[in-house]
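Please construct the entire structure, taking both the sequences and the accompanying hints into account.
Taking full-length UniProt numbering, I'd label the letters of the sequence shown as residues 1 to 340.
One thing to keep in mind: the hints can contain errors.
What the hints assert, rightly or not - Here are the computed distance ranges between Cβ atoms for each label pair:
(1) Ile-35 to Gly-308: 33 to 43 Å
(2) Asp-310 to Gly-157: 33 to 43 Å
(3) Asn-323 to Gly-157: 12 to 22 Å
Claimed, not checked - The calculated SDA-like cross-link candidates involving lysine to any residue, where the alpha carbons are at most 25 Å apart (straight line), are:
(4) Lys-232 to Thr-264
(5) Lys-232 to Asn-134
(6) Lys-191 to Gln-222
(7) Lys-3 to Lys-232
(8) Lys-340 to Asn-323
No lab work stands behind these hints, which were simulated from the structure alone. All values reported here derive from a predicted model rather than from experimental measurement. Cβ atoms here follow ideal geometry from the backbone N, Cα and C, with glycine treated the same way.
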Amino acid sequence: MIKNDLYLRALKGETVERPPVWMMRQAGRYLPEFIAIREKYDFFTRCRTPELASEITVQPIRRYGMDAAILFSDILVIPQAMNIEVEMKPNFGPYLPNPVRDQRGVDNVIVPDVNIELDYVMQAIKATKELLNNDIPLIGFAGSPWTILCYVVQGQGSKNFDKAKEFCFTNPIAAHQLLQKITDTTIAYLKAKVVAGVDAVQIFDSWGGMLSPTDYKEFSWQYIDQIIEALKDDAPVIAFGKGCWFALGDMAKSNAAALGIDWTCSAQNARYLTGGNITLQGNFDPSRLLSPPSEIKKMVHQMINEFGKDKYIVNLGHGILPNIPLDNAKAFIDAVKEYK
1 MIKNDLYLRA
11 LKGETVERPP
21 VWMMRQAGRY
31 LPEFIAIREK
41 YDFFTRCRTP
51 ELASEITVQP
61 IRRYGMDAAI
71 LFSDILVIPQ
81 AMNIEVEMKP
91 NFGPYLPNPV
101 RDQRGVDNVI
111 VPDVNIELDY
121 VMQAIKATKE
131 LLNNDIPLIG
141 FAGSPWTILC
151 YVVQGQGSKN
161 FDKAKEFCFT
171 NPIAAHQLLQ
181 KITDTTIAYL
191 KAKVVAGVDA
201 VQIFDSWGGM
211 LSPTDYKEFS
221 WQYIDQIIEA
231 LKDDAPVIAF
241 GKGCWFALGD
251 MAKSNAAALG
261 IDWTCSAQNA
271 RYLTGGNITL
281 QGNFDPSRLL
291 SPPSEIKKMV
301 HQMINEFGKD
311 KYIVNLGHGI
321 LPNIPLDNAK
331 AFIDAVKEYK
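So this is what it looks like as structure tokens:
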């Protein structure tokens with residue numbers, strides 16, 4: 001049994017003494033102990049070495065005592081397993097030298113055996129569970145099929161993912177085939193993660209907000225919903241669509257255990273749009289962690305009051321930034337623990 005099960009109880013909608021707290025991208029780039037490892041090992045070596053991934057996962061827990069850990073990994077391990085080359089270039093980000101932009105490219109994409117191709121992730125989960133010693137739950141994650149397609153077709157990060165959208169709108173048959181292959185792989189991957197020991201899974205739709213509401217239903221949400229349906233009996237699923245406030249009504253009708261909210265949607269709107277019955281997670285602006293610690297604490301308490309302490313998980317509205325002072329991150333976590 002997990003000693004601190006606050007996060008899992010919040011996902012079930014149970015009454016809690018205070019909401020649980022963790023931060024997206026908490027395992028990483030703002031921590032000096034992470035930077036020390038980064039100086040020795042390149043990005044995908046860190047992802048593929050279970051001892052390194054597990055150590056990075058627990059670093060923020062040792063320092064701040066969050067209520068949940070999230071496995072250090074990357075959403076782009078999925079396309080790598082699907083026969084798509086992915087590099088992580090320093091000071092540039094993801095780079096895919098052979099983007100998929102036609103039917104032949106889609107045909108070359110495989111649905112792999114995740115237990116072979118992504119076994120290193122499963123080993124990292126087992127190593128992390130040992131380090132966590134049942135103190136808190138461990139979250140596994142994957143990118144949404146649409147967000148993965150964005151990188152696979154664009155070939156790199158982008159402000160508007162114009163090539164990805166062009167591919168979907170000019171070649172929808174091939175686009176849907178690619179999205180389905182990514183979906184099938186992601187379902188198998190997340191199921192394997194649950195078997196390996198994660199207690200919940202989160203789907204990150206980082207680029208969902210690039211689509212219009214109609215296109216979102218067609219090219220993103222239906223595939224996320226497939227994943228939720230496939231996983232609902234295995235583990236709680238959290239769906240987070242950045243910039244996707246317009247889809248919250250549909251999302252709330254799904255079997256997701258919780259929905260992530262970004263900082264552009266108020267607590268009041270989020271509760272209204274979701275009907276008030278589903279657990280919500282968010283939505284502190286990551287840049288607001290640059291405010292003075294005393295102000296951070298006030299804002300966090302106000303945020304909890306606006307969402308309500310039940311059916312709520314305190315988090316940022318997106319990943320923590322690399323330039324956040326350690327004391328400010330601490331103020332964010334402490335504010336939740338001190339909440340009365």
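List, from low to high, the hint numbers that the structure doesn't satisfy. 4, 8
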